[in-house]
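Hey, can you work out the whole structure from these sequences and the hints?
Number of protein chains: 2
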Amino acid sequence: MSIIVMKFGGTSVADIDCIKNVANKVAAQYKKNKKIIVVVSAMSGTTNNLIDLTRQVSKVSNSPEYDVVVSSGEQVTAGLLSIALNSQEIPSRSFMGWQIPVLTDNTFSKANIAEISIDVLMQSLNRNEIAVIPGFQGVTDENQITTLGRGGSDTSAVAIASALNAKRCDIYTDVDGIYTADPRMVPKAKKLDKISYEEMLEMASQGAKVLQTRSVALAMKYKLKIKVLSSFENKEGTLVLHEDEIMEKKNVSGIAFSLDEAKLTVIGIPDKPGQASILFKSLGLKAINVDMIAQSSSANKSATDLSFTVPKNELEEAINTIKSVQKKIGFKSIISDRDVAKISVIGIGMKTQAGVAQKMFDILAEKNINLKVISTSEIKISVLIEAAYMELAARSLHTAFELDES
Amino acid sequence: MSIIVMKFGGTSVADIDCIKNVANKVAAQYKKNKKIIVVVSAMSGTTNNLIDLTRQVSKVSNSPEYDVVVSSGEQVTAGLLSIALNSQEIPSRSFMGWQIPVLTDNTFSKANIAEISIDVLMQSLNRNEIAVIPGFQGVTDENQITTLGRGGSDTSAVAIASALNAKRCDIYTDVDGIYTADPRMVPKAKKLDKISYEEMLEMASQGAKVLQTRSVALAMKYKLKIKVLSSFENKEGTLVLHEDEIMEKKNVSGIAFSLDEAKLTVIGIPDKPGQASILFKSLGLKAINVDMIAQSSSANKSATDLSFTVPKNELEEAINTIKSVQKKIGFKSIISDRDVAKISVIGIGMKTQAGVAQKMFDILAEKNINLKVISTSEIKISVLIEAAYMELAARSLHTAFELDES
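From first to last, the protein sequence lines are chains F and L.
Note that the numbering used here has the first sequence beginning at 787, numbered continuously upward.
Note that the numbering used here has the second sequence beginning at 787, numbered continuously upward.
It is worth saying that the hints were derived from the structure and are not from the lab.
Given the structure is predicted, the values throughout are model-derived calculations rather than measurements.
Treat the hints with care, as some may be off.
Identical copies carry no separate label here, and so any pair may be met within one copy or between two of them.
[Unchecked claim] Straight-line distance between alpha carbons at most 27 Å, and here's what the computed BS3-like set of lysine-lysine pairs gives:
id: 1; residue 1: LYS977; residue 2: LYS1137
id: 2; residue 1: LYS806; residue 2: LYS1009
id: 3; residue 1: LYS820; residue 2: LYS980
id: 4; residue 1: LYS977; residue 2: LYS1145
id: 5; residue 1: LYS953; residue 2: LYS977
id: 6; residue 1: LYS1036; residue 2: LYS980
id: 7; residue 1: LYS1109; residue 2: LYS1158
Structure below.
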């Protein structure tokens, strides 16, 4: 019989009533298929409270002891869910990261999973128990507790499912699936039955914050199917899987948008090799994430202008960093623009079907929306526009690419 | 260099300011003596909150998963204290029960310590680290988390100190030592410099709730010195040690009192062997703790009356239990009395010096206080009196036995 891993996030286990609801969902699945592993997050708010406690003592957040404190939230949920299952006469036992063990490196607070032993879990499955595993936590080969960083519970669930060669990893959350666009902004958005890993990765990093990017990348690597579905409603959800398993590949399967970025333009960079390298290296050293990059000739033929986006909350630091290399590079000035939105159309079908970019530009032009920066990948076209037009742009593109709910 | 174990209870680590205060106390001790092990409780209120969460899910409180949940509170404090020490540039690391390991049996929620490995802790000491250990928790030889029951942190500290052959176990709490009587009731009570294990055991079980009985018994077994002192004041505290190390043994070293018991009298028990046995066995099966027992002849020569005390909150269950064996025993009736107080005079010197009981009875008679039940041990005389007289009795005895602060 094949194994199914069920993962429940913080809002799904927010309080005792939610935990009992989760127990009922797990119990129902157990009656259909005895081979169940459950992964849980901390009750919502708990991890933030624990982090806040550590911050009151010290600003350092990548110490081993930070992980000792913040990993405790998941332990509580795992124990409570096992108690809830046991009280329904369903055999269940919790297994902490160190009991399995989930071996990680020693990058405390952002550890990477190195290896998951399956013996303990297989024995538990063979006893027809439901193993409940706190997500987010691991242990080093020197027996120290680690955590995987924010959103690490999705990664735990996918890694455990992959190690056990599970049939599927079901991620229960507070939305009922992946939509063609964020329904709060695009009311006609519709739920997708299926989406490929690549598309999901673009959707996730473009602002559709349902699944952690890291867990999708891991699932893609191991060809593990993920299902995203609601803890609170009995609906079908969305399957995330390999593109080969999606029969009809649409040109465009979703629209993503974000207000999280700001635009920077560095003007009058002397036109000689290596100047962009100095610039981006200085930002890289400060761990500032540069996203869309576009270069254009300046009026002055011997110099160029360079535009790119950085996270809005790192704009000031980015400007200061660039100014610190102004002498070295010899550029003229910097202009910044916080009033921008990024809109992306995403679709695995783009790889083989042309004309998507052209159509996108046409539609935005029809609405008199000016494009500030353009960047493209194999399955995505992103444009930067004035923030005020984001909603109009998203809805127009959603309709034009025939994504609207009929 | 000899090892000192420092233990801090829930009120000593109640919030971040308290934890920083504890870090300062530990740091000061570390500068005098590098060989320090610290044991901590959960932040006050935390364990009760965790227990409450489990109760909302299930009434069962002796399951393995109950221990998974409630042991997490100490983990948080241990991590936070290590962070606080590290932020003062003092090397420190936390060690959970399973990391040491503190091996216990599998009596979940009330586990007994079987063995403590010292290798990991000795290595930590040799690195001049301060090991911070969450009290209350252990692990079975099958790698399951256990807890030692309420107040188990004192027991953890004493057991770890004994295993490490420590010089002393310092128990920091919210009082500054052991007094000749509870100072809230007897204002003239004075702090004792020293007290023997046996006396402390009687004081603890008689209502002076500073140290857990179980931890005192363990310290006595291993001849480990305990010092009770305040987390909040810099005062000397009280040493608990073997009676041989107390030069001047007083007749009476303390007065203990309690309102927690109720009196039961079973009237007209047929005067034949085995009747008391049936009675107390029935109570034992219900785990009802019987304390003071006194038997007297009844008016009827062929029957006796039996008086004894039980915890007030178990009185009703005790009465029902006794009624269930009424036919078998053939007694006439039961009388109960909740309106009673137990007063005890305690002193290791009593073993060799006579007249303490006589003096106690004289003083109570002087004040017209009637004795309902009397029971004695080698180092203690207890009497049951009407509750209203408790304060008067305690203060009079305290003065008469020359315990008053001069």
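**Report entry** Same-copy or cross-copy closeness of LYS977 to LYS1137 [CA-CA at most 27 Å]
**Finding:** Classified as within; 23 Å inside a copy, 84 Å across copies.
Report task. Indicate which option fits the pair LYS806, LYS1009 if close means a Cα-Cα distance not exceeding 27 Å: within, between, both or neither. Result -> neither (32 Å within a copy, 49 Å between copies)
Requested in this report: Please work out whether the CA atoms of LYS977 and LYS1145 approach to 27 Å or closer within one copy, between two copies, in both situations, or in neither?
Outcome: Classified as within; 23 Å inside a copy, 88 Å across copies.
Query - Homo-oligomer pair classification [LYS977, LYS953; C-alpha up to 27 Å] - result: Close inside one copy (23 Å), not across copies (68 Å); limit 27 Å.
Query raised in the report: Is it within, between, both or neither when you check LYS1109 against LYS1158 at 27 Å Cα-Cα?
Result: Answer is within: at 23 Å inside a copy they meet the 27 Å cutoff, but 90 Å across does not.
Report task. Check LYS820 against LYS980 for me: Cα-Cα at most 27 Å, and say if that holds within a copy, between copies, both or neither. Result -> The answer is within: 26 Å in one copy meets 27 Å, while 61 Å across copies does not.
Query raised in the report: Between the shortest in-copy and the shortest cross-copy C-alpha distance, which are at most 27 Å for LYS1036 and LYS980: within, between, both, or neither?
Result: Answer is within: at 11 Å inside a copy they meet the 27 Å cutoff, but 84 Å across does not.
Hint check: a violation occurs at hint 2 only; the rest are consistent with the structure.
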